[in-house]
Structures are given as C-alpha cells and as structure tokens.
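J.: Spelled out from the first residue to the last, the chains are:
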Amino acid sequence: MLLVIGLFATPVHAQQAILRGTVVAASDGEWLQGVNIALFQADTLVAGTASGSDGVYALPGISPGIYVLRATFVGYATERDTLTIGQGDRLIVNLVMQETETELDEVVVRGDSDTGAARILAGQTSIRPADVEMIPSPDVSGDLINYLTTLPGIVSIGDRGGQLFIRGGEPWQNLVLLDGMWVYQPFHILGFFSSFPTDILQEVDVYAGGFTSQYGGRISSVIDVKSRNGDKRGFAGSGSLAPFVSGFTLEGPIAVDVVSFLVSYRESVIEQGASKLVQDDLPFQFSDFFAKTHAFINSNTQLSLSLLRTDDRGTVFEGNDLQDEQFLSWQNRSASMRYLVFPRAFPVMAEFILSGSRLKSSLGGLSQEERFSKLSSANTTVNITHFHRNTEVRWGLFARTVELQASLDGLYQGFSDRKEYATEVGMYIEPEFRLAYGWQVRTGFRIHSFPSQNSGFLEPRFRAVKVNDRDEYTFAAGIFHQEIVGLTDRRDAAGVFTAWTSSTFDQKVPEAIHVIAGYRRMFNEHLEVSVEGYAKKLNNLYIPEWTAYPRFTTRIQPAEGRVYGGDFRVEYRKKPFTGLITYGLSSVRYTAQQESIELWYGSKELSFRPAHDRRHQLNLVTSFDFRPFDIDVRWQFGSGLPYSRALGFDGFMLVDGELDVYNDPGNRRVIYQKPYNGILPTYHRLDVTIDRSMTLPGEATLTVLAGVINAYDRRNLFYLDVFTLRRVDQLPLIPTFGLKLEFE
Amino acid sequence: MRSGDKIAIWLPLLTLFAMVIVGCQESVDPVLETEEAFSMYGYLDPSSDQQALRIFTVDGILFPTTTDFLDAVVTSVNMDTGETIVWRDSVITFRDRSIGHVFVADFRATHSTRYIITAVRSDGREAFVDLITPPDGDVRIDNIVSSRSNVIVTMNWADVPRIIQADVSYFVRIPFPDGSDTTTVRVDIKSGRVQENSDGTWAVTIIPSSDIGAIFSALQIQPGRTPVILHQIEVKAFVVSEEWESPVGSFDPELLVQPGTFSNVHNGFGFVGGGYFDSFIFVLDDEIARDAGFSIDR
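Chains A and B, in that order, give the protein sequences.
Okay, so the first sequence: first residue is 72 according to my numbering, each after it adds one.
Okay, so the second sequence: first residue is 891 according to my numbering, each after it adds one.
Incorrect hints may have been included.
What the hints assert, rightly or not - Covered stretches of chain A (in silico footprint by chain B; criterion: 3 or more residues with CB under 8 Å from a CB of chain B, positions within the stretch not fixed):
{"no.": "1", "stretch": "719-725"}
{"no.": "2", "stretch": "728-737"}
{"no.": "3", "stretch": "746-753"}
Stated by the list, open to error - Result set (SDA-like, lysine to any residue): computed pairs, CA atoms no more than 20 Å apart in a straight line:
{"no.": "4", "chain 1": "B", "residue 1": "LYS1080", "chain 2": "A", "residue 2": "LEU725"}
{"no.": "5", "chain 1": "A", "residue 1": "LYS675", "chain 2": "B", "residue 2": "GLY1139"}
{"no.": "6", "chain 1": "A", "residue 1": "LYS745", "chain 2": "B", "residue 2": "ASP949"}
{"no.": "7", "chain 1": "A", "residue 1": "LYS675", "chain 2": "B", "residue 2": "VAL1138"}
{"no.": "8", "chain 1": "A", "residue 1": "LYS745", "chain 2": "B", "residue 2": "VAL918"}
{"no.": "9", "chain 1": "B", "residue 1": "LYS1080", "chain 2": "A", "residue 2": "ASP727"}
{"no.": "10", "chain 1": "A", "residue 1": "LYS745", "chain 2": "B", "residue 2": "GLY1150"}
{"no.": "11", "chain 1": "B", "residue 1": "LYS1080", "chain 2": "A", "residue 2": "GLU729"}
{"no.": "12", "chain 1": "A", "residue 1": "LYS579", "chain 2": "A", "residue 2": "ILE550"}
{"no.": "13", "chain 1": "A", "residue 1": "LYS675", "chain 2": "B", "residue 2": "GLY1150"}
{"no.": "14", "chain 1": "B", "residue 1": "LYS1126", "chain 2": "A", "residue 2": "ASP727"}
{"no.": "15", "chain 1": "A", "residue 1": "LYS745", "chain 2": "B", "residue 2": "ASP919"}
{"no.": "16", "chain 1": "A", "residue 1": "LYS745", "chain 2": "B", "residue 2": "GLU923"}
Hints were generated in silico from the structure; no laboratory data involved.
Even glycine gets a Cβ: it sits at the ideal position worked out from N, Cα and C.
Build out the structure end to end from the sequences listed, making use of the hints.
T.: Right, here's the structure in full:
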C-alpha cells in the first residue's frame, strides 16, 4: 500500500516537466556513469546533472520550451538532441554515446555521483575497473580485492584467508552486494582473488563508513558491486591462463540492443601451477562462476538476472604427529532478480530486487567435520527515487529472513549445535538537497526493525559534500545496527572460520555510530591529496566469551568498542606514470564486560586491542605505462596485529564433591596472562608485474604478463594457533606469468 | 622541478628504501615462560585407605598426555608425625581414550591434620600444597516437620569446617512384578540443601515428600499402583577443609577454569583440599513416611 502511495504521490512541481533516461555506450550497450547531462535553452544552461548508477539521469522541474540536451563524457563524442518540452511532460530520452578520441571540452556538471579518479568521499570510494588493473596481480585480468587492499582503512590479514577489516570493523560487519544480492564471504581463500574479477565489474562503491540509508543490517561498511550487463551489440570474450587461476569470460547479445548475457568462470590452478613453481605445497582451491542476463524490456524498464557461485577450499594446517590436516572450506550461492522502471506518468525511478543467498563454511580434518556454519537468507528490496528540481528523494522498503545453523566442535572438548531464524524489515527515506555555498546534503532516516528480537531502531544518516574547483569538503555521520553477528575463534591469531549467530544476548542489537570528515585537494590536473578522519563508537558488540578451554564456542559476551583513525592518500597521474601512496592510521579498542572479568582480573571491565587492530598500514603503488609494456609495482606494509600470548598449558578439573580422578578425564587448558597481550610480526611484501598487449589478426588481443609475488621472500605469518604453536606462513616468493586472449 | 616529477622519482626510491629497512625477518613467540611447574587436583580423604591426585605438568606446548611416566616425584608429609610418603604414578586411560596421570598413595589420612604435598620435576622446579584435613564431624537429626504430603528433615553437622554437597539415598522395598516377593533398591537423589548455621554448625535439609516423585520416576512405576515402602535414608555430606570454598559461591567450571581463580597450589595451579563423605543413616517413623508418600509395610 505504502509503495503504491509513494509511486503515485503528486510531485511538488506538478506543472513542470521532467526529463529522464539512461545513457549507454554505442559500442556495447553498456551503461555509463558520470556522463555530464546539460540542458540548454538559447545557449543558456538551464539544468544539469551527471548520470548515476545504471546510467540513469533525471532533469526535473523543466519549464515548457525548446531545449538542446547535451551529453558529454571523456572518450565519447558529444551527443546533442533538440527537444520540445511541453507543460508537465514526462519525457524519457535514452542516450547512446559514440566512442571517440576527442578530448572533452564541454560544460562539466559535477555531483555526488560523479566518478573521476577513484577517490575518498566521506567514507565512500568509487572504483573503476581501470583502477583495479594498475595493481599488480598474479592473474592477467586483475581482481577487485587487490585494489581494495590498497585503500588505507582496509586491513587484510594477508595473501591467505579472505578476510577484510574495514576501519576497525570485523569482516562479519561488512555488507557485500553484487547486483543487489548479499555475498557473505566474497573473498577467496587466496588473498589475491575475490568473487569479483575485473572483467565483470562496471562500478564499485565502497563505503568504509557513514553509508547512506539505502544500506543497513551491517555496522561497519558496504561494498556495493555492480556488474556489467554484457555486450548488446556483438560477441566478445576472453580466456586467461596463469599459475594461480585460469578462466574465461563470454558476453554477447541474445537480442541485439535488447537482451545480453555475461558469463565468467575462473578456477584456481595453484596446485598444478604456482605450487610447482616454488616446489612447495600450496593447497588452495577456489572457483567462481558468475552469470548475468540483462534486458531493456522497453524504453523505460530494465530487467536483470544474476547468479553467483563460489567454492573455496584450502589446508590451513598441514598436520603433524598429533593432528590431522585441517581444511577450511566455504561456498557462496547467490541469485538475484533486479527490475528497474521509470513509470511514464510519474517523475520517479523504481528498483525492485529479489535475492537469495547462502553461505556454508566448515573447518575440519580428514576424519570429521569439526566446525560447521550455514547461513541462508532471502531478501526483498524496493528503492524509489523521486526527482524534484532542487531535491531528489529516495525511499525504500526491505524485508529479509535469515536461517542460521552452526555445529561446532573443539580439539579436546565442547560441542555446540544451534539453529535459529531471524527477520529484518523496515523502510528508509533519504532526501537530497542542494544548498547554498555549494553544499550538497543528503539526510536520511532508516527504520530498521528486528521482529525476532522485538526491537526496532530509527537510524538517522547524514552526508554533506562541498565541491569547489580544487577543494572538496566532505562530512558523514550515522547510526547503524546489525542483528546477525559472526563469531571467530580467538585461539587462532589469524582465525578465518566464522560462525554466524543472532545477537540474542539480552536482546541488544549491535550498534555503531560513525562520524567522518574529509578534505581533498587537487593541486593540479595530475596530483591529488586527500585526508579523512573518522571515529566510530561500537555498542552492544558480541565477542566470544573469554575462556581458558581450548575450544571454539558460540558463547558470547557483551563488549563496547571505539575506533579512531585517519586515512591519507596521495595520487599522481601523468602518463606514463601513475603513483599512489596510501597510509592508514587506526586505533581500535574493545572493552569486554563479561561477568567473570572482575573475578579473573580484579576490574569490572577488560579493555584490549582486538586481533584486527592494525595500527599502521602503508601502500605504495606505481604503474609505468611504457608502451607497449606496463610495469606495476606494489609494496604493502602493515604493523603487527595483537594476539594472546600464553604462559603455558596444563589441565583443568572441577574440584567439587563429584571429583573422581580415576574416571574424570578433565580438560586441557591454556594459561593466559591477559587477552591480546602480544603483537605479531609486521607484514610487508613487494609485488611486481610487467605485461604487454599485442593486437592479433581478427580483432583479438593477446596480453602476456610476467611478475614476481613477494619479491624479497618475506616470511609473513598467516595462521598461528597459540595452543599448538602451529604456524602457517603466507606465500613465499613466487614467480608468476600469464596469458590472456581477448576477442571482439 | 615540478612536484609531480619529484614524486615520480621519489616513489620508487621510497619503495626500495622500505624494502631494505624492513627486510629482516621477525619471529613470533606465542608462549611466555612460567615458573609454575604442575597443576594438581584432588583431595586427601580421611575415610579412605588410598589417596589419589591428578597431576598435569605445565608445558610450553599443548599436546596430548602420553603414557610415559610424568617427570614428577610426588611426596606427602604429615606435619604432625613427620611421616613422608612417596606417591606412585598411575597411568589412566579414560573412556574418551585420553591419558591421565593419577598419583596414588596407600595410606589413610588423619582428621584435622596438616599435610604438605610436593611435586618436584627433575630440573628441581616444584609445586606444593599446604592443607589441613577436616575433623570428624558429629551429626544428629535436628528437626523433622511432618504433615500430610509435607515432610522436611533437617540434620545438623557440628565441628566441621564446611559442607559443600549432600547426597541422599533412599532404600525402598518394592514388589517383584508378579507380586511374589519384595526387593530392596537404592535410589540416589541429589536433593540435600546445605546451609551454614549462625553458630558455625552446618545444616543439611532433605524433603522426602518432594523426593518421592523422583523415586517413582527413577523406578519407572506409577504412584498408587505399586507400593513403595521406605526402608531407610542415607545422607552423605561432603565435609571439606576450610579453604575449599569457591570464590563465586558455586562450582561453575566456566568461571573456575581461569587459572588461579580457585587455587591453593603454590608455584602451580589447581586445588587440593581435604574432604570426605560423612554418611548418616536413619529411619523415618511409619506415620512420617506415609505423610511423605511412601507405603507402609503392614
């Protein structure tokens, strides 16, 4: 009912016309974001905007008259169209941009959805596929995660494990979306790869905090990935071979200009390739399959279906005389249907998303599945955008149901089974205003209800951006809640396995308050510097209950947290050189409130640095485009992560009246001093790749890549079990090479 | 030189510099050393002719206990008599197939006696515990409240430091299924409520009228159909030494598992006390037994 009322709501400027449409590239029909759309009347600029996600633009509040619509974009010929607009018209004009070598020399209209170089914007970074490709990767095609880990506030535990900690948040606090579907563990077990190869990417928005009201159910960050629709004009594809991963991409029209498909498949060949190069066991396997079909049903509606399947499996411990080899595995299965419509009668855009996702993960030995966790969810989302002359109002509805199952077993004792269900429903409204002095403000309110917890929250959000010629000021703040929490095993210094559960403790839902302030300056057309400070207050966190039992547990305890930090970024782009320096300074502190803490430590609270508190992180990236060669270099450094050092190990028996030393086996125990009282070694590594592209007959291109990963053979720690002192290191020095054949 | 050109030169140099300064390898040492040598669990039992203690070594690495003899010499000294006894290592394979080392000594501990039990490693490191066994208590029935379906019996233990547990056993006679004869069976119920009195004595309260339900349930018979005749009641109070007191009031393993939380072992971990089960057997009058719900043998 609310949806119908919203769609048919009378616009404020009922007498004025609105112009809407999508912008696509002529070459392949792919939508274009950031195209400058300007409406002129007798050479006078009347209205302007930039195309946003899905290539959508809207120019509301147009008075009757004759206009020239002009669309400009770097690398494309200017598109002009003369329009006669009547009173109250609801025009839909879809634009097709022709690629050209001509440099842009037109009016530039900038907005929050503008995509220039990848940049920080109040916690938000927009990433283009070209940005990803300048990061050295063992694969020719590149992968989103390699760029993500250059962002200063994003901490990775290294080249294994598939875990990202964003500005003090834990991996389970990140929302990762691909075409609207939730992907719960999107990063592959080998840290160079995610479920998002560059070939399928169209646009990636990373909100390291302060995200807009459209997003919810997570308290740390949002990574919103939108895939390409596939070529609607002709068939294209690629195949690649490399020691780490090989795969192919295929796309093309099903009905020219109307329906397209895109298929991508990658499978690791590490054991057959990289492992032999270093003559060492690298027991990691993964694969990802992505398929999408997209259709312009008519001039004002689009429909897309997406499917993602990923499989990861690896040995986190090779085994010894005491224990079997241990495998870690997880599988993502996600599907979504997305329907986009511009109702002709109303100045709105409506987006409907139905999606389902499942994550199944396990950690165990050959003889048994030791730990197991499964999460399934169904999501329904409706997003409506109303276009007004000086405002744009977004609102939406969402409903989500989640099934959680966990079965956990430890080395020596402890067995826990859980199965539970949770629901989340709510709505949001988010008007955007253009104010005086160039400020663009987006305020939002999200009502996020957790019926299974009998709780609901009003989440205010705020974003403000002021853009001058060279300076950009940004500010963001908001309140966020998350019902579904992930538990990791504290005994592993770099624990990967996550068990999902609902936050049932005292019916309090984890909450975060974010405040972000940033400044960016473009010193000239080549050099850009940005700095951003942030603070987070984390309430009602759930962390595993502290125990001396050597076992994994879903028993949780309440905790509070706070995060302070700053991101610094210098980017220099002048052909043939591109340089990027990012530095992240961060301080994370948790305060646990377990009842037993006073008994154990003499104080009511225990304050500590959690295991992901990487204080310093530095990335140096350079790319030299010496045609026909392209040399990419990356050096990354991270200060040591906290972990719990033990005094030793013994056994424990409960000495009560029941004690029977002849029949009670007791339990093994770790003798901790205090949690997280140690610091692991620093992490650093140098990767270098060089590639060359060659044009072959028949519109084919062959790219050859060679490089070296961990060039100075740094022994970086991946996994440390402080109970058994099991240490597994990250990748050693590995030479790599690759071939990629593309055709159009 | 323009700023951009400077960066173009300095960035690779910075990279090289960073490589050099952090090129050294670092080791990780997750286990700190500790002086604690052993963890010891158990109690000296003045009611038993054999004493037993479970002993774990404090190690720098976690590994399953093996059947090899523990590197420990365990002795106990009766501080009143000076008698020193060397305990022997007994390797136990538990039902879960894990291995444990139980040190055993064949002697009867005496009441109200100070003992020092020491475990010494071959490198000289040792852990010891200093304890006093509890005295032999004096028990009597303090009070019986009896009315229809409500029978409460209170016993009083005098001259004992502490009672941490009381178990109740009901000895009842029930007929064979064919009714030809009866047999006496014992039903164990953990129902005794323990409380310290203001005069320092300890009261154990049982409620037979409540326990009768558990007895029927344990015997899998239905009330009213099969006569259950009360023969006698045995109350076993676990009398312990003064220091045997949980810091949280109850014996919650999740709380007490933290090393040092409940420990009297010097230079080690664990707890060794003195304790024994003091048994008291009595018979209820027929009227009281009937009020509690039992049948009467006519």
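J.: Now tell me if each hint is right for this structure.
T.: Now the hints, each set against the structure:
1. 719-725: Check passed, 7 qualifying residues.
2. 728-737: The restraint on the stretch 728-737 of chain A holds, since 9 of its residues have a Cβ under 8 Å from chain B and three suffice.
3. 746-753: With 4 residues closer than 8 Å to chain B, the stretch 746-753 of chain A meets the three-residue bar; holds.
4. LYS1080(B) / LEU725(A): With a Cα-Cα distance of about 18 Å, the restraint between LYS1080(B) and LEU725(A) holds, given a limit of 20 Å.
5. LYS675(A) / GLY1139(B): Since the Cα atoms of LYS675(A) and GLY1139(B) sit roughly 18 Å apart, the hinted pair holds (cutoff 20 Å).
6. LYS745(A) / ASP949(B): Satisfied, since the Cα-Cα distance of roughly 18 Å is no more than 20 Å.
7. LYS675(A) / VAL1138(B): The hint holds at about 15 Å.
8. LYS745(A) / VAL918(B): 17 Å, holds
9. LYS1080(B) / ASP727(A): 14 Å, holds
10. LYS745(A) / GLY1150(B): The hint holds at about 13 Å.
11. LYS1080(B) / GLU729(A): 11 Å, holds
12. LYS579(A) / ILE550(A): 15 Å, holds
13. LYS675(A) / GLY1150(B): Cα-Cα ~17 Å, so holds.
14. LYS1126(B) / ASP727(A): Holds, at roughly 14 Å.
15. LYS745(A) / ASP919(B): 15 Å, holds
16. LYS745(A) / GLU923(B): 14 Å, holds
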